[in-house]
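**Q** Residue numbers (the numbering used here), protein chains in the order written: chain A, 1 to 116; chain B, 1 to 117.
To be clear, the hints were calculated from the coordinates, so they are not data collected in a lab.
Any given hint could turn out to be false.
In silico BS3-like cross-links for lysine-lysine, where the CA-CA straight-line distance does not exceed 27 Å [said to hold, decoys possible]:
no. : chain 1 : residue 1 : chain 2 : residue 2
1   : A       : K9        : A       : K44
2   : A       : K36       : B       : K109
3   : A       : K44       : B       : K112
4   : A       : K44       : B       : K109
One letter stands for each residue in the lines below.
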Amino acid sequence: DTAVSQTPKYLVTQMGNDKSIKCEQNLGHDTMYWYKQDSKKFLKIMFSYNNKELIINETVPNRFSPKSPDKAHLNLHINSLELGDSAVYFCASSQDLWQRDSYEQYFGPGTRLTVT
Amino acid sequence: AQSVAQPEDQVNVAEGNPLTVKCTYSVSGNPYLFWYVQYPNRGLQFLLKYITGDNLVKGSYGFEAEFNKSQTSFHLKKPSALVSDSALYFCAVREPNYQGSQGNLIFGKGTKLSVKP
Numbered sequence: 001d002t003a004v005s006q007t008p009k010y011l012v013t014q015m016g017n018d019k020s021i022k023c024e025q026n027l028g029h030d031t032m033y034w035y036k037q038d039s040k041k042f043l044k045i046m047f048s049y050n051n052k053e054l055i056i057n058e059t060v061p062n063r064f065s066p067k068s069p070d071k072a073h074l075n076l077h078i079n080s081l082e083l084g085d086s087a088v089y090f091c092a093s094s095q096d097l098w099q100r101d102s103y104e105q106y107f108g109p110g111t112r113l114t115v116t
Numbered sequence: 001a002q003s004v005a006q007p008e009d010q011v012n013v014a015e016g017n018p019l020t021v022k023c024t025y026s027v028s029g030n031p032y033l034f035w036y037v038q039y040p041n042r043g044l045q046f047l048l049k050y051i052t053g054d055n056l057v058k059g060s061y062g063f064e065a066e067f068n069k070s071q072t073s074f075h076l077k078k079p080s081a082l083v084s085d086s087a088l089y090f091c092a093v094r095e096p097n098y099q100g101s102q103g104n105l106i107f108g109k110g111t112k113l114s115v116k117p
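Please take these sequences and the hints and turn them into a complete structure.
**A** Encoded structure:
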């Protein structure tokens, strides 16, 4: 009955490879997000996706691309991985953009990506 | 631009004592404020939020936070700390709904809470 799930939990790969991280939410939420947490625990938004509208943080390299096959899934694909991509990536979801009582976001357990 | 500051990297408290984790914010418009907790090797868990209404907000695990508009603060508090409260705590502010935003959360850098027996 996990609310927001991510796979894999750990991902170790070499520079230059392409990898994907999957995210699923069973909360019926409308909006999903990807965050990156660096080694200093700093959290930064990468993408948000609502009703087929994608908002991209302008600082995110175009090697990162989110893909949403349906409202319950938002996967993260990364091309040509670099050492600096090593971090923990969190998926999150929220119910509604417009109802103030539903503003909180619920996070997945994270995927620790290590690029060697 | 919205921003959140957590001035303390670490807070040390003895078990049974009250704890406060500080947060100040800068927003345009009404602030929507949140506290999250992250236990080691885990995702973030929602603790509480301030949207509107009473300045004192109660949340999970006995935590509460006080919204102070004049001081632009939203400090997290608990009357009696537990060793199990030891974790990383994040304050966050929600971006308003406008073009180029979908309610993204802007996080503070986090405060490590250490509760000793």
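**Q** Each of the hints needs a verdict: does it hold here or not?
**A** Now the hints, each set against the structure:
Proximity of A:K9 to A:K44 is assessed by CA-CA distance (about 19 Å); at most 27 Å being required, the pair is judged to hold. Under the criterion of a C-alpha separation no larger than 27 Å, the hint pairing A:K36 with B:K109 is consistent with the structure, at around 13 Å. Our distance criterion of 27 Å between C-alpha atoms is met by A:K44 and B:K112, whose separation comes to about 18 Å. A threshold of 27 Å between alpha carbons decides the hint, and for A:K44 with B:K109 the separation of about 10 Å falls inside it, so the pair holds.
Of the hints listed earlier, there is not a single one the structure fails to meet.
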